[in-house]
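Going by the numbering used here, the first residue of the sequence shown is number 4, and it counts up by one from there.
It is worth saying that the hints were derived from the structure and are not from the lab.
Note that the Cβ used here is the ideal one computed from N, Cα and C, for glycine as well.
Some hints could be false.
[Claimed, not checked] Derived Cβ-Cβ restraints for the label pairs, each shown as a range:
hint, residue 1, residue 2, range
1, R135, K63, 18 to 28 Å
2, A110, E27, 13 to 23 Å
3, H167, K141, 33 to 43 Å
4, E145, G194, 27 to 37 Å
5, L82, L60, 12 to 22 Å
6, N6, V143, 16 to 26 Å
[Claimed, not checked] Derived DMTMM-like pairs (lysine to aspartate or glutamate); straight-line CA-CA distance at most 20 Å:
hint, residue 1, residue 2
7, K210, E20
8, K63, E177
9, K232, D184
10, K141, D16
11, K17, D184
12, K170, D184
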Amino acid sequence: MLNQPKVFLINLDKSTERLKKSSEQLAAQNIQFERISAIDGTKFTNAEIQAHYSSQLNSKQYYRNLGYGEIGCFLSHRLAWQKIVEQKLPYAIVLEDDFQLAGDLSAVFSTIESLTFDWQLLKLAAYQNRTRPIKATKQVNEQFELVLHKKPLTGCCAQAIASHAAKQLLAITEQFGCPVDTQIQRTWQTGVSVYSLMPFLIEQDGKVGSEITAACQNQVIKKHFFKRKYQQLTDGINHYKQTKTALSELI
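When you get a sec, could you build the whole thing from the sequences and use the hints?
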């Protein structure tokens with residue numbers, strides 16, 4: 004495919020079947036990609052985990068401790084952001100290896116290229132194909148519209164990330180205490196606006212089990228009900244305030 008953007012695929016070394024399936028899907032559309040060897044959090048020492056994951060921040064930012072798989076997932080996405088910056092890319096598409104193509108991505112690529120405002124992060128897939136209330140939409144062309152959700156979508160299956168957004172995310176997450184998708188949702192902390200390019204031509208493959216969840220099975224995850232409700236309330240207030248800023252950019 005001519006003039007395609009850089010595509011990164013995050014994939015664990017042990018997940019050879021996922022790599023094969025991902026490669027076949029992308030090859031069918033003549034899309035080249037660079038594989039990122041995902042970080043397996045279960046193989047980290049405590050010292051390696053604490054280099055970026057902060058238990059202190061976790062107690063403030065999230066209602067439970069993170070699993071090893073979630074920590075590895077966050078660090079893997081940081082690798083992708085680093086590559087965007089190091090390779091001096093204007094932007095890149097970052098995929099996790101549980102994606103399923105549902106259309107011709109050349110249409111997505113050309114639409115992104117046509118955007119005339121200084122976008123930062125675009126969601127290109129929903130989490131487990133779920134929906135979420137919409138604040139505003141803007142038609143881009145006959146096929147796609149930019150969507151501002153009242154709360155950015157969960158998950159990181161497929162995203163377009165601009166270079167300046169990658170720099171901001173790296174800076175704000177040198178130490179982190181919540182899952183990567185939660186951090187991206189908290190736009191008032193990152194300063195990175197999040198929109199969705201819809202309809203989505205990439206889906207999350209519901210037939211593929213979560214390796215993050217599997218990695219947490221032998222770990223004690225302590226959940227705090229009231230802490231979660233408090234965080235949902237405060238996040239909701241902040242999302243409401245932040246969407247006003249994002250709405251002005253979209254309009």
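Here is what the structure says about each hint:
Hint check: R135 to K63, Cβ distance near 25 Å, so the stated range 18 to 28 Å holds. Between A110 and E27, the C-beta spacing of about 20 Å keeps the proposed range 13 to 23 Å intact. At roughly 21 Å, the beta-carbon separation of H167 and K141 lies outside the given 33 to 43 Å, and the hint is violated. For the pair E145 and G194, the supplied restraint of 27 to 37 Å holds, since their beta-carbon distance comes to about 32 Å.
At about 20 Å, the beta-carbon gap between L82 and L60 stays in the expected band of 12 to 22 Å. For the hinted restraint 16 to 26 Å between N6 and V143, the CB-CB distance of approximately 18 Å keeps it satisfied. Of the pairs offered as hints, the one joining K210 and E20 holds, with about 13 Å between alpha carbons and a cut-off of 20 Å not exceeded. Our distance criterion of 20 Å between C-alpha atoms is met by K63 and E177, whose separation comes to about 16 Å.
A distance of roughly 18 Å separates the Cα atoms of K232 and D184; the hinted pair therefore holds under the 20 Å criterion. Taken as a hint, the K141 and D16 pair is broken in the structure, with Cα atoms around 40 Å apart against an allowance of 20 Å. As the CA atoms of K17 and D184 are separated by approximately 23 Å, the hinted pair breaks the 20 Å bound. Only pairs whose Cα atoms come within 20 Å are accepted, and K170 paired with D184 is accepted, the gap being roughly 17 Å.
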